[in-house]
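So you can see what is in the structure, the chains are spelled out below.
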Amino acid sequence: MEKSTISETKAKGPTVPSIPSAERRLFLRHLGIFAASTTSFLMACSKSLDLTPTGGSVAHSGARINADGSIDLGAGDIGILNYAYALEQLETAFYTVAQEKTAGLTFNELQILQEIREHELVHREFFRAVLGANAIPDLDFDFSGVNFNDRNNVFQVANILESTGVGAYNGAARYIKNADIIGIAGKIVSVEARHASVTGHMYLPLPGSTYSFGFGTTDSNGLDIVYKPSEVLPVAQGFIKQKLSGANLPTTNA
Amino acid sequence: MNIFNILSDIEKIDGDATEKFNHSRRKMLKTTSVAAATSSLFFAGVLNKAYGQSNTITDVLNFALVLEYLEAEFYMKGMQSSLNFGPDRGLINEIAKHEAQHVAFLKSALGASAVAKPEFDFTAKGAFPNPYTNYPVFLTLAQAFEDTGVRAYKGQAPNLASNRDILEAALRIHSVEARHAGEIRIIRSMSAYASEMNTGGVPAAIYARENNTTHVAGVDIVALSQPKLLFQNSASQMRAMKFAQDSFDEPLTKEEVLAIAGPFIK
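Protein chains in written order, with the working numbering: chain A, 846 to 1099; chain B, 3 to 268.
Errors might be hidden in some of the hints.
[Claimed, not checked] Under the rule of at most 20 Å between Cα atoms (straight-line distance), these lysine to aspartate or glutamate pairs were calculated in the DMTMM-like manner: (1) K1022/A to E170/B; (2) K1073/A to E75/B; (3) K244/B to E170/B; (4) K1032/A to E258/B; (5) K1088/A to E945/A; (6) K1032/A to E121/B; (7) K256/B to D1025/A; (8) K127/B to E258/B; (9) K1022/A to D167/B; (10) K1032/A to E198/B; (11) K127/B to E75/B; (12) K244/B to D987/A; (13) K268/B to D90/B; (14) K99/B to E75/B; (15) K1032/A to D123/B; (16) K1032/A to E257/B; (17) K1086/A to D985/A; (18) K256/B to D61/B; (19) K1073/A to E121/B; (20) K1086/A to D983/A; (21) K1088/A to D983/A; (22) K946/A to D913/A; (23) K79/B to E121/B; (24) K99/B to D1064/A.
Please keep in mind that the hints were generated in silico from the structure rather than gathered at the bench.
Model, not experiment: these values are computed from the prediction.
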């Protein structure tokens, strides 16, 4: 089975998928900027966070394209970082489309979506830079299941994405070897939790109240949701055109 | 004795704490047997793993327990007061429930090593004179405690790496505190995101270093993000800075948290 690394794939130039025109324009814009601007950062920062392959049963730790075209997230800490990177790509893309397409938003609601979009963008760019040559490629997305004519549906999907993100970061921590990365995941997950509060607030007001908190995100110990990558990836896959593989992600405590 | 570290740390920061310490110590001796007796089988897994853990983990969990005691009592007293919560009552009650659950969970995890609940002064020696008759003051303190809690857990997470079950449990409390912080801020008509710029009347120390944008040396998230913002204009640089600050929450050290919490502990 022949595998090619991401960096080899990228050297041939980014491939542009057949996606609807508005999204396509956005992606073209991103791709163009990306190709020109980030190489030097990647070189500079890969030394400052130790992403040394952690050994184990797989011969590689960075992302790869499998022979069937699916994208392998990689192994060890790099695999977990790619997992987070994929989720941040998804969130950024969702809000990019949502802020453009959602019908009937008030000015305030539009600003809320745009603000969250920019936060997710920062997360995405952070992981892209940290991963450098180990990163998965830019993913393509399909949000045709979202009714952008229904603001409630948009905020509901947003809230699901945010809470899934919270559960994903909470659940990934046990697999992260590098304590610095655990700390960084902590810095991001609490912002995702704030996003969950904001988006939940927008679509599900409690009866007799304008607030949405408490819809089953905590258990009887007051602990938040926690998901394994194997639980999150199928949900995320529903929005992602390429097939992602978490086959080499860690499954035992780091 | 290791379990007194939290209180002796507070003592270091708060000079006249000896009396409190002795008081708490007496209370602790009184209550540990109760805590040990009520630990349910449900927590046995965590309990067994916590038992015999390094001093670090016990210290971190006791540190967290003191903060949860503070939050739980703060909200419980609020719910029992005559404050008019209006449409927020259900939400505040939900938060109160979570904090009480966190106390019970940590006490069970710590078992006989759990510190006793200190006595609290929610006026912080008069700095917030009327939290239980003035709803905006109550909300200000709620925001202060939630955002401090988020930063406190965040700061300790790497110290829990030697026990992954406990690390995960702590992170699951951490994100609940962040949801609370978001909700309280929404009630207050503030941005849901922590910032040094607009603290909403809470002590500035709670947001110290919150505007940091360097998380990995050499990765400039402001410069990386700016060209990809939705709107490119003369304000893009400023906006990129703001989004970079808001999109990462920052940790506080244990010492910083204890300095913030100290005035609320009798």
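Hint by hint, here is what the structure shows:
no.: 1; hint: K1022/A to E170/B; result: 14 Å, holds
no.: 2; hint: K1073/A to E75/B; result: 34 Å, violated
no.: 3; hint: K244/B to E170/B; result: 30 Å, violated
no.: 4; hint: K1032/A to E258/B; result: 17 Å, holds
no.: 5; hint: K1088/A to E945/A; result: 26 Å, violated
no.: 6; hint: K1032/A to E121/B; result: 31 Å, violated
no.: 7; hint: K256/B to D1025/A; result: 17 Å, holds
no.: 8; hint: K127/B to E258/B; result: 19 Å, holds
no.: 9; hint: K1022/A to D167/B; result: 14 Å, holds
no.: 10; hint: K1032/A to E198/B; result: 16 Å, holds
no.: 11; hint: K127/B to E75/B; result: 17 Å, holds
no.: 12; hint: K244/B to D987/A; result: 30 Å, violated
no.: 13; hint: K268/B to D90/B; result: 29 Å, violated
no.: 14; hint: K99/B to E75/B; result: 11 Å, holds
no.: 15; hint: K1032/A to D123/B; result: 30 Å, violated
no.: 16; hint: K1032/A to E257/B; result: 19 Å, holds
no.: 17; hint: K1086/A to D985/A; result: 5 Å, holds
no.: 18; hint: K256/B to D61/B; result: 10 Å, holds
no.: 19; hint: K1073/A to E121/B; result: 40 Å, violated
no.: 20; hint: K1086/A to D983/A; result: 11 Å, holds
no.: 21; hint: K1088/A to D983/A; result: 13 Å, holds
no.: 22; hint: K946/A to D913/A; result: 33 Å, violated
no.: 23; hint: K79/B to E121/B; result: 13 Å, holds
no.: 24; hint: K99/B to D1064/A; result: 11 Å, holds
This entry does not satisfy hints 2, 3, 5, 6, 12, 13, 15, 19 and 22, going by the numbered hints stated previously.
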